[in-house]
Amino acid sequence: MEIVTIIFVLGGLFFFFAASIGLLRFPDFYARMHATGKGDTLGGFLIILGLAVYNLFHGGHGGFDLASILTSVKIIFIAVFIFLANPTATHAVFKAGLDSGVVPWTKEGSK
Amino acid sequence: MRLIATFIILFVFWMVMAGKFDLFHASLGVISCLIVTFLSGDLLFKESRKGRGKEVVRFILYIPWLIYQIILANLHVARLALSPRMSELINPQLIRFKVNLKSDISKVTFANSITLTPGTITADIVGDEFHVQGLSQPVIDDLLSGEMEQRVAHIYSED
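Chains as they are written, first to last, in our numbering: chain A, 1 to 111; chain B, 112 to 270.
These aren't lab readings, by the way, just hints derived from the structure by calculation. Cβ coordinates follow ideal geometry from the N, Cα and C atoms, glycine included. Careful: at least some of the hints might be erroneous.
As the list claims (entries may be wrong) - Dumping the calculated DSSO-like pairs for lysine-lysine here, alpha-carbon to alpha-carbon at most 27 Å: (1) B/K213 / A/K74; (2) B/K218 / A/K95; (3) B/K131 / B/K165.
Said to hold, decoys possible - Reference listing, derived: stretches of chain A covered by chain B, where coverage requires no fewer than 3 residues with Cβ under 8 Å from a Cβ of chain B: (4) 17 to 28; (5) 34 to 44; (6) 91 to 97.
Stated by the list, open to error - Simulated restraints on C-beta separations: (7) A/I6 / B/I178: 16 to 22 Å; (8) B/R163 / A/F57: 32 to 38 Å; (9) B/A137 / A/R32: 44 to 50 Å; (10) B/F135 / A/F17: 44 to 50 Å; (11) B/A137 / A/L98: 48 to 54 Å; (12) B/L200 / A/L98: 19 to 25 Å; (13) A/K74 / B/I216: 24 to 30 Å; (14) B/R163 / A/V93: 30 to 36 Å; (15) B/L186 / A/V73: 26 to 32 Å; (16) B/V147 / A/S100: 17 to 23 Å; (17) B/S151 / A/I3: 42 to 48 Å; (18) A/K95 / B/H265: 23 to 29 Å; (19) B/Q204 / A/V93: 15 to 21 Å.
Whole structure, please, built from the sequences with the hints as guidance.
In structure tokens form, the structure reads like this:
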């Protein structure tokens, strides 16, 4: 089961890494929102899933009892709330950028 | 009816969070859930209507497909971010398109699904027109193919 945890956490780290690189490399505010707002969703989800799996078999009093199942359910709840809050926050920041008149980068404009 | 449903959902959530099933903790939960249900019971379900159970089941079936799409799109954006020819591959543009969804809840579900899949962000909804910012051409084509909209419409029986 540790293998599963390692795969999930490594996958999550990869998406966080890609999101950070994207944040540095993308040309403007809006494109950077794509990198950070979303890479974090899947990255965080995978890491949380990995932790939940690990806790299910190693948490509580020796693993796989009521306490460890409840803790894993609580960990999954964190992921659920990230999935609800993240798109809403991304949309709010994006809309605020549009409303305050930040000009989007376009391919034609850069030439 | 919806007050009872609200109370049951709150109480199950309380039990999961408390993790203790003796009389003392359960009665604390009953008291606080009753107070919350009394104060804000009309927030969770706005109006009671038929077919709610079917919508919940369809929504749960929709989630695995959404996660699959999120993974696909995330890999696409990760490849764009790491590609040396990034500035040739991306083509950010704001697009507007009309949708056939009717109720507010289905529009919100669709808008949040769009924002969750990387590469597309819903900027605004005006009536039945969506303003969406797409990062590159493939993700925009995916969105305009309308598969996600059909699945969302199917959840709320609007297809």
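We went through each hint and held it up to the structure:
1. Between B/K213 and A/K74 the CA atoms are separated by roughly 35 Å; this puts the pair beyond 27 Å, and the hint is violated.
2. Restraint check: the Cα-Cα separation between B/K218 and A/K95 comes to about 17 Å, which is no more than 27 Å; the hinted pair holds.
3. Among the hinted pairs, B/K131 with B/K165 is inconsistent with the structure: their alpha-carbon atoms are about 32 Å apart, more than 27 Å.
4. By the rule of at least three residues with a Cβ nearer than 8 Å to a Cβ of chain B, the coverage given for the stretch 17 to 28 of chain A holds, with 8 such residues.
5. Proximity of the stretch 34 to 44 of chain A to chain B, defined as three or more residues with a beta carbon under 8 Å from a beta carbon of that chain, is established by the 7 residues found.
6. Counting residues of the stretch 91 to 97 of chain A whose beta carbon lies closer than 8 Å to any beta carbon of chain B gives 3, which reaches the threshold of three, so the coverage claim holds.
7. At roughly 20 Å, the beta carbons of A/I6 and B/I178 sit within the given window of 16 to 22 Å.
8. The beta-carbon spacing between B/R163 and A/F57, approximately 36 Å, falls within the hinted interval of 32 to 38 Å.
9. Here the CB-CB span from B/A137 to A/R32 is close to 48 Å, well matched to the stated 44 to 50 Å.
10. One distance hint, 44 to 50 Å for the beta-carbon pair B/F135 and A/F17, holds here, with the actual separation near 47 Å.
11. Remark: the range hint 48 to 54 Å for B/A137 to A/L98 is upheld by a beta-carbon distance near 49 Å.
12. One distance hint, 19 to 25 Å for the beta-carbon pair B/L200 and A/L98, holds here, with the actual separation near 24 Å.
13. The hinted range of 24 to 30 Å is satisfied by A/K74 and B/I216, whose Cβ atoms lie roughly 27 Å apart.
14. A hinted range of 30 to 36 Å for the beta carbons of B/R163 and A/V93 is consistent with their spacing of about 33 Å.
15. Between B/L186 and A/V73 the beta carbons are some 29 Å apart, a value that agrees with the proposed interval 26 to 32 Å.
16. For B/V147 and A/S100, the Cβ-Cβ distance of about 38 Å falls outside the hinted range of 17 to 23 Å, so the restraint is violated.
17. Distance hint check for B/S151 and A/I3: the Cβ-Cβ separation is about 45 Å, which falls inside the suggested range of 42 to 48 Å.
18. For A/K95 and B/H265, the hinted distance range of 23 to 29 Å is satisfied, since their beta carbons lie about 28 Å from each other.
19. For B/Q204 paired with A/V93, a C-beta distance near 19 Å keeps the hint of 15 to 21 Å intact.
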